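Engineer: Each chain, written out:
There are 2 protein chains.
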Amino acid sequence: MSHFLPKTVRDLIDEMARLPGIGPKSAQRIAMHLLHSPESKIESLGNAVLNLKENLVFCENCWNIAESNPCKICTDEQRDRNVICVVEDILDAQAIEKTREYKGLYHVLHGALSPIDGIGPDQLKLQDLFKRIEANDSGIHDENSKISEIILATNPSLEGETTALYIQKHLLSFDLKITRIARGLPVGGDLEYADEVTLSRAMTGRGEF
Amino acid sequence: MSHFLPKTVRDLIDEMARLPGIGPKSAQRIAMHLLHSPESKIESLGNAVLNLKENLVFCENCWNIAESNPCKICTDEQRDRNVICVVEDILDAQAIEKTREYKGLYHVLHGALSPIDGIGPDQLKLQDLFKRIEANDSGIHDENSKISEIILATNPSLEGETTALYIQKHLLSFDLKITRIARGLPVGGDLEYADEVTLSRAMTGRGEF
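As they're listed, the protein sequences go chains A and B.
For the first sequence, the numbering used here assigns the number 1 to the initial residue and increments by one for each residue that follows.
For the second sequence, the numbering used here assigns the number 1 to the initial residue and increments by one for each residue that follows.
The shape of chain A in the complex, shown without the other chains (with noise of 0.2 angstroms):
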């Protein structure tokens, strides 16, 4: 009886258990769930899985995932062609996108420097970002699409600050403007329980009132 569930349960609950933030009981829970679904929320589920990268492309420009290459960003007229926020993952673009306040590019890293975890910079979109402001640099461009400001929008974290630190540092020679998102108290936060590093952070980045 060392298999009690039958085989097709077994294999779903292993699958669903190697996903992140995904432990064997909430798998198995799962399981049990789509098990009293109907069979055409299942397929809906099974289809939606094997359809993910269907007609789905890297952006060879920004690296963003889309459905055309380059990206509906990229090519967007409408957008301020000046600024490139670098971001760690997609997810950070779409949160970005999501003030409505950012009408510039992006590019996507798709990960942080971790030399831990053994990401180096070749593991990450970091050759394609400098040769995207070089090729910027040598002046193929009109005054429109000249980068002039490169937005460094990577995690406040160790990995992130490390990554943004060097990508500052490979920068220096072209005639750009570096910035940093700030850092800071979160909105609605409470300083009595800010950590020490965010509220130090917060008091060297105070701006005039």
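Just so you know, these hints were derived from the structure itself, not from any lab.
Keep in mind that a hint or two might mislead.
Stated by the list, open to error - Reference listing, derived: stretches of chain B covered by chain A, where coverage requires no fewer than 3 residues with Cβ under 8 angstroms from a Cβ of chain A:
| no. | region |
| --- | --- |
| 1 | 65 to 71 |
| 2 | 148 to 159 |
| 3 | 195 to 201 |
Claimed, not checked - Straight-line C-alpha distance at most 25 angstroms; calculated DSS-like pairs for lysine-lysine:
| no. | chain 1 | residue 1 | chain 2 | residue 2 |
| --- | --- | --- | --- | --- |
| 4 | B | Lys7 | A | Lys72 |
| 5 | A | Lys25 | B | Lys53 |
| 6 | A | Lys25 | B | Lys41 |
| 7 | A | Lys53 | B | Lys25 |
| 8 | B | Lys7 | A | Lys103 |
| 9 | A | Lys41 | B | Lys125 |
| 10 | A | Lys98 | B | Lys53 |
| 11 | A | Lys7 | B | Lys98 |
| 12 | B | Lys53 | A | Lys125 |
| 13 | A | Lys131 | A | Lys98 |
| 14 | A | Lys41 | B | Lys41 |
| 15 | A | Lys41 | B | Lys103 |
| 16 | A | Lys25 | B | Lys7 |
| 17 | B | Lys53 | A | Lys7 |
| 18 | A | Lys7 | B | Lys25 |
| 19 | A | Lys25 | B | Lys25 |
| 20 | B | Lys7 | A | Lys7 |
| 21 | B | Lys72 | A | Lys7 |
| 22 | B | Lys125 | A | Lys7 |
| 23 | B | Lys41 | A | Lys125 |
| 24 | B | Lys41 | A | Lys53 |
Predicted model, so just to flag it, every value in this text is computed and none were measured.
Even glycine gets a Cβ: it sits at the ideal position worked out from N, Cα and C.
Knowing the structure of chain A, use the given hints to seat chain B on it.
Structural biologist: Frame of chain A; chain B shown alone:
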């Protein structure tokens, strides 16, 4: 820019977020994980979902999910056919199997009585349980397969206790030993942190040392 992510990615996030225990943020994280996974991994997950119910049937004797009807537990001559353990769902039966202590048969109710959630006796496999016991009582079975004990192993929750009580009342007229799994302190637990109901149960249910 309301739809920053491609449609296939949004579809997967929507489907994933409908599963129990997965919120929109987890669903996004899973979609990103799969986007960076090789095609083979995506296929094996998608197929595991689609194949879930393939060749699966409910055993019409114990209502466990199985690859055959009746299931291999119901047909296993090595098992003790005198005892039926009544559980709320399949995972409960699996948990009991894992103890390797129980050698009898099961009956899966597929839920517990919960008027608030609209779950009455007809939504559960209760009639099937009663019929199983009636058929047994009519004396067509030999002594080896005569049911002599019903173990009520529904959860020690309000719904589980109600269900157990309901079954017990229905079976009073039969010549059966009806037992309920013990409620008390979990092994490795601490008296100090036990809630009052559990501790009270542990005291009244005490056994000789």
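Engineer: Starting from lysine 41 (chain B), check that the Cα of lysine 125 (chain A) is at most 25 angstroms away, please.
Structural biologist: Holds. Lysine 41 (chain B) to lysine 125 (chain A) sits at ~23 angstroms (cutoff 25 angstroms).
Engineer: Are three or more residues of the region 148 to 159 of chain B within 8 angstroms, CB to CB, of chain A?
Structural biologist: Result for this restraint: violated, n = 0.
Engineer: Hint check: lysine 98 (chain A) vs lysine 53 (chain B), CA-CA at most 25 angstroms. Holds or violated?
Structural biologist: Violated. Lysine 98 (chain A) to lysine 53 (chain B) sits at ~39 angstroms, over the 25 angstroms cutoff.
Engineer: What's the verdict on lysine 53 (chain A) and lysine 25 (chain B), does the C-alpha distance respect the 25 angstroms limit or exceed it?
Structural biologist: holds, 20 angstroms
Engineer: Quickly compare the C-alpha distance for lysine 131 (chain A) and lysine 98 (chain A) to 25 angstroms and report which way the hint goes.
Structural biologist: With a Cα-Cα distance of about 28 angstroms, the restraint between lysine 131 (chain A) and lysine 98 (chain A) is violated, given a limit of 25 angstroms.
Engineer: Does lysine 7 (chain A) pair with lysine 98 (chain B) here, judged by a C-alpha cut-off of 25 angstroms?
Structural biologist: The hint holds at about 17 angstroms.
Engineer: Please work out if lysine 41 (chain A) and lysine 125 (chain B) have their alpha carbons no farther apart than 25 angstroms.
Structural biologist: Status holds; Cα separation ~23 angstroms.
Engineer: Please work out if lysine 53 (chain B) and lysine 7 (chain A) have their alpha carbons no farther apart than 25 angstroms.
Structural biologist: holds, 10 angstroms
Engineer: Counting residues of the region 65 to 71 of chain B whose CB is closer than 8 angstroms to a CB in chain A, do you get three or more?
Structural biologist: Since three or more residues must qualify, the claim that chain A covers the region 65 to 71 of chain B holds, with 3 doing so at under 8 angstroms.
Engineer: Take a quick look at whether lysine 25 (chain A) and lysine 53 (chain B) sit within 25 angstroms of each other, Cα to Cα.
Structural biologist: holds, 20 angstroms
Engineer: Between the alpha carbons of lysine 7 (chain A) and lysine 25 (chain B), is the straight-line distance 25 angstroms or under?
Structural biologist: violated, 30 angstroms
Engineer: Taken at face value, is the distance from the CA of lysine 25 (chain B) to the CA of lysine 25 (chain A) at most 25 angstroms?
Structural biologist: holds, 19 angstroms
Hint check: violations occur at hints 2, 3, 10, 12, 13, 15, 16, 18, 20; the rest are consistent with the structure.
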